[in-house]
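Trainee: Listed here are the chains, written in short residue letters.
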Amino acid sequence: MIVSGNVHKYGDNVDTDVIIPARYLNVSDAKQLAAHCMEDIDADFVNKVKEGDLMVANKNFGCGSSREHAPLAIKTSGIKLIIAESFARIFYRNAINIGLPIMECEAAAKEINAGDVVEADLTTGVITNKTTGKTYQAAGFPPFIQGIVDAGGLVNYVKTSK
Amino acid sequence: MGMTMSQKILAYKAGMDSVKPGDLIQAKLDMVLANDITAPVAINEFEKADFADVFHKDKIALVLDHFTPNKDIKAAEQCKQVREFADKHDITHFYEGGNVGVEHALLPEKGLVAPGNLVIGADSHTCTYGAVNAFSTGIGSTDMAVGMATGMGWFKVPAAIRFNLTGKLSKNVSGKDLILYIIGKIGVDGALYRSMEFTGEGVHSLTMDDRFTIANMAIEAGAKNGIFEPDDIMKAYVEEHAAVEYQYFYPDADAEYEQTIDIDLSKLAPQVAFPHLPENTKTIAEAEAMNIKIDQVVIGSCTNGRISDLEIAANILKGKKVKRGVRVMVLPATPKIYMEAMMAGYLQTFMDAGCVIGPPSCGPCLGGHLGILAKGERCVSTTNRNFVGRMGHTESEVYLASPAVAAASAVAGIICGPDSL
Numbered sequence: 000m001i002v003s004g005n006v007h008k009y010g011d012n013v014d015t016d017v018i019i020p021a022r023y024l025n026v027s028d029a030k031q032l033a034a035h036c037m038e039d040i041d042a043d044f045v046n047k048v049k050e051g052d053l054m055v056a057n058k059n060f061g062c063g064s065s066r067e068h069a070p071l072a073i074k075t076s077g078i079k080l081i082i083a084e085s086f087a088r089i090f091y092r093n094a095i096n097i098g099l100p101i102m103e104c105e106a107a108a109k110e111i112n113a114g115d116v117v118e119a120d121l122t123t124g125v126i127t128n129k130t131t132g133k134t135y136q137a138a139g140f141p142p143f144i145q146g147i148v149d150a151g152g153l154v155n156y157v158k159t160s161k
Numbered sequence: 000m001g002m003t004m005s006q007k008i009l010a011y012k013a014g015m016d017s018v019k020p021g022d023l024i025q026a027k028l029d030m031v032l033a034n035d036i037t038a039p040v041a042i043n044e045f046e047k048a049d050f051a052d053v054f055h056k057d058k059i060a061l062v063l064d065h066f067t068p069n070k071d072i073k074a075a076e077q078c079k080q081v082r083e084f085a086d087k088h089d090i091t092h093f094y095e096g097g098n099v100g101v102e103h104a105l106l107p108e109k110g111l112v113a114p115g116n117l118v119i120g121a122d123s124h125t126c127t128y129g130a131v132n133a134f135s136t137g138i139g140s141t142d143m144a145v146g147m148a149t150g151m152g153w154f155k156v157p158a159a160i161r162f163n164l165t166g167k168l169s170k171n172v173s174g175k176d177l178i179l180y181i182i183g184k185i186g187v188d189g190a191l192y193r194s195m196e197f198t199g200e201g202v203h204s205l206t207m208d209d210r211f212t213i214a215n216m217a218i219e220a221g222a223k224n225g226i227f228e229p230d231d232i233m234k235a236y237v238e239e240h241a242a243v244e245y246q247y248f249y250p251d252a253d254a255e256y257e258q259t260i261d262i263d264l265s266k267l268a269p270q271v272a273f274p275h276l277p278e279n280t281k282t283i284a285e286a287e288a289m290n291i292k293i294d295q296v297v298i299g300s301c302t303n304g305r306i307s308d309l310e311i312a313a314n315i316l317k318g319k320k321v322k323r324g325v326r327v328m329v330l331p332a333t334p335k336i337y338m339e340a341m342m343a344g345y346l347q348t349f350m351d352a353g354c355v356i357g358p359p360s361c362g363p364c365l366g367g368h369l370g371i372l373a374k375g376e377r378c379v380s381t382t383n384r385n386f387v388g389r390m391g392h393t394e395s396e397v398y399l400a401s402p403a404v405a406a407a408s409a410v411a412g413i414i415c416g417p418d419s420l
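As you go down the protein sequences, you meet chains A and B in turn. For the first sequence, the positions run 0 to 161 when numbering that gives the first Met the number 0 is used. For the second sequence, the positions run 0 to 420 when numbering that gives the first Met the number 0 is used.
Bound conformation, chain A alone:
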């Protein structure tokens, strides 16, 4: 599957409190959460994000709380893929478990800028920055995790592998 869109770019250690502040966690509805996505790091994000956009960040993206509300808010905001140098481990699990595509690629994360148009092949891990013309290869998933990704998330994976 190919995704392509405008990039929203962030730095190191983007934590789950800025992705979805705790004051909004009194609901579990994805749409209501998405209305406050990235509010404490980028208050204008919800106004400028469009369906199909991509998010790119540096190291340790999604650190902090285990709140699955964070990847859920990002996914529901219309973001189709997050590329980062590295992900905090609970966020990494949560994204895979809910079927939000993520890729780890240090060079792409460092070189892609906000507003670039980026295309990525979720199957091969090839990332193309259409603005600069540069291509990158993201790290692949181990087969077990790829199985969860392919099933569209952990619940589907568990249900279909029974």
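To be clear, the hints were calculated from the coordinates, so they are not data collected in a lab. Treat the hints loosely; a few may be bogus.
As the list claims (entries may be wrong) - In silico contact screen, one side only, chain A against chain B (beta carbon under 10 angstroms); selected entries:
{"hint": "1", "residue": "Lys-8"}
{"hint": "2", "residue": "Asp-11"}
{"hint": "3", "residue": "Asp-39"}
{"hint": "4", "residue": "Phe-44"}
{"hint": "5", "residue": "Val-45"}
{"hint": "6", "residue": "Asn-59"}
{"hint": "7", "residue": "Arg-66"}
{"hint": "8", "residue": "Pro-70"}
{"hint": "9", "residue": "Tyr-91"}
{"hint": "10", "residue": "Asn-96"}
{"hint": "11", "residue": "Pro-142"}
{"hint": "12", "residue": "Gly-152"}
{"hint": "13", "residue": "Leu-153"}
{"hint": "14", "residue": "Tyr-156"}
By construction, the Cβ of each residue, glycine as well, lies at the ideal position given by its N, Cα and C atoms.
Use these hints to put chain B onto chain A, whose structure you have.
Mentor: What follows is chain B alone, placed relative to chain A:
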């Protein structure tokens, strides 16, 4: 090749003779935990997946501790959803009202987590139970939903960093100072995907409450878990509390560690983590030199709301008054701790000094309720995170410290240690 404590528990629970870092395994869970924020998302997934029932009604804990006592109508609805789920599936360990405490203080106190257990919790500070030699780690709500239904979880076996502790902590230096020092040294992703294994003769000088605080904040270095080697102090605690089956796990002599970090506890000074990351640590002397005026102090949470934390704070506040203009909140982490603090006279000491006593709740730690900061306000807090907006306005500031530093700062009105009062 030998295994670490974490690797041995994972191998045992996966029914394998051995595992190595990077292996992906499926393993049997001893306890699956969630709270009033994460359980609703898990319940939504559980019901959407049409799972028939939970795998074991005694091996799930649902703890309504985050936005409780219910802070608003939406929070009340979430608690109601969890309560109805707990009733429907006859969940034994459902806690609310006068029974609830902050989950990571409550579960060890009830003996629901014990050595060699494999525990997942939809709360990042689930890593706390490494203090009792359990492998415990934070996961999200979907993992929680599947864990509740199947009793199984998937794990990537972590590589390890060994912390070899020697010496003894000085007066007014605590487990909180040690873990803040470590996070300052290795960074908020310094242990990413790894286990933090605490060993060495220095461990014996740490109280169980110190160890809970240290394991609790392993996640703030990005770790999968933090775990302590068993000793007589741990065994005495476990014998007194354990309500479930347990087995101690020791590291193999030839266990492999990616890195060993030696720390002489006697050399540590009190630490303060400055905004907006737990790794931004300074010593108390450096912090005092900056003369930082504060508006609020919070003493409590899964990190530092235990009885010895309250004892330390009460001993500093006894006979003194909170500085005018500073609001101080003390939240005993569980009803039992609350009662002990009352019987010991600590609550009276706090009230005489001008503190507010709050209910056992996560409350201000995550900016939920009970002590939100306004723009520009500063708080010294015994909690675990100081991210942007963590306790309120995005332009407020949280300084993480020990109960001793928090109590002293409450009296001084600036960040300081008890030796400077």
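Trainee: Each hint should be assessed against the structure and marked as holding or not.
Mentor: Here's how the hints hold up against the structure:
1. At about 17 angstroms, the closest approach between the beta carbon of Lys-8(A) and any beta carbon in chain B exceeds 10 angstroms, and the interface hint on this residue is violated.
2. At a threshold of 10 angstroms, the smallest CB-CB gap from Asp-11(A) to chain B is about 8 angstroms, leaving the interface hint in force.
3. With a cut of 10 angstroms, the hint placing Asp-39(A) at the interface with chain B holds, because the nearest CB-to-CB distance is about 4 angstroms.
4. For the restraint placing Phe-44(A) at the interface with chain B, the shortest Cβ-Cβ distance is roughly 14 angstroms, beyond the 10 angstroms limit, so the hint is violated.
5. Taken as an interface hint, Val-45(A) does not check out: its beta carbon lies about 15 angstroms from the nearest beta carbon of chain B, beyond 10 angstroms.
6. A hinted interface residue such as Asn-59(A) counts as satisfied when its beta carbon comes closer than 10 angstroms to some beta carbon of chain B; here the least separation is about 4 angstroms, so the hint holds.
7. Hint status for Arg-66(A) relative to chain B: holds, with the closest Cβ pair at about 7 angstroms, below 10 angstroms.
8. Against a cut-off of 10 angstroms between C-beta atoms, the interface hint on Pro-70(A) holds, since the closest Cβ of chain B lies about 8 angstroms away.
9. Interface hint status for Tyr-91(A): upheld, as the beta-carbon distance to the closest one in chain B is roughly 8 angstroms, under 10 angstroms.
10. Contact between Asn-96(A) and chain B, as hinted, is supported at the beta carbon level, the nearest pair being about 4 angstroms apart and thus within 10 angstroms.
11. Among the interface hints, the one on Pro-142(A) holds; its C-beta lies about 8 angstroms from the nearest C-beta in chain B, closer than the 10 angstroms criterion.
12. Here the hint on Gly-152(A) is kept, as its CB sits about 7 angstroms from the closest CB of chain B, short of 10 angstroms.
13. About 5 angstroms separates the beta-carbon of Leu-153(A) from the nearest beta-carbon of chain B, less than 10 angstroms, and the hint is met.
14. Using the Cβ-Cβ criterion of 10 angstroms, the hint placing Tyr-156(A) at the interface with chain B is satisfied: the shortest such distance is roughly 9 angstroms.
Checked against the numbered hints above, the structure breaks hints 1, 4, 5 and satisfies the rest.
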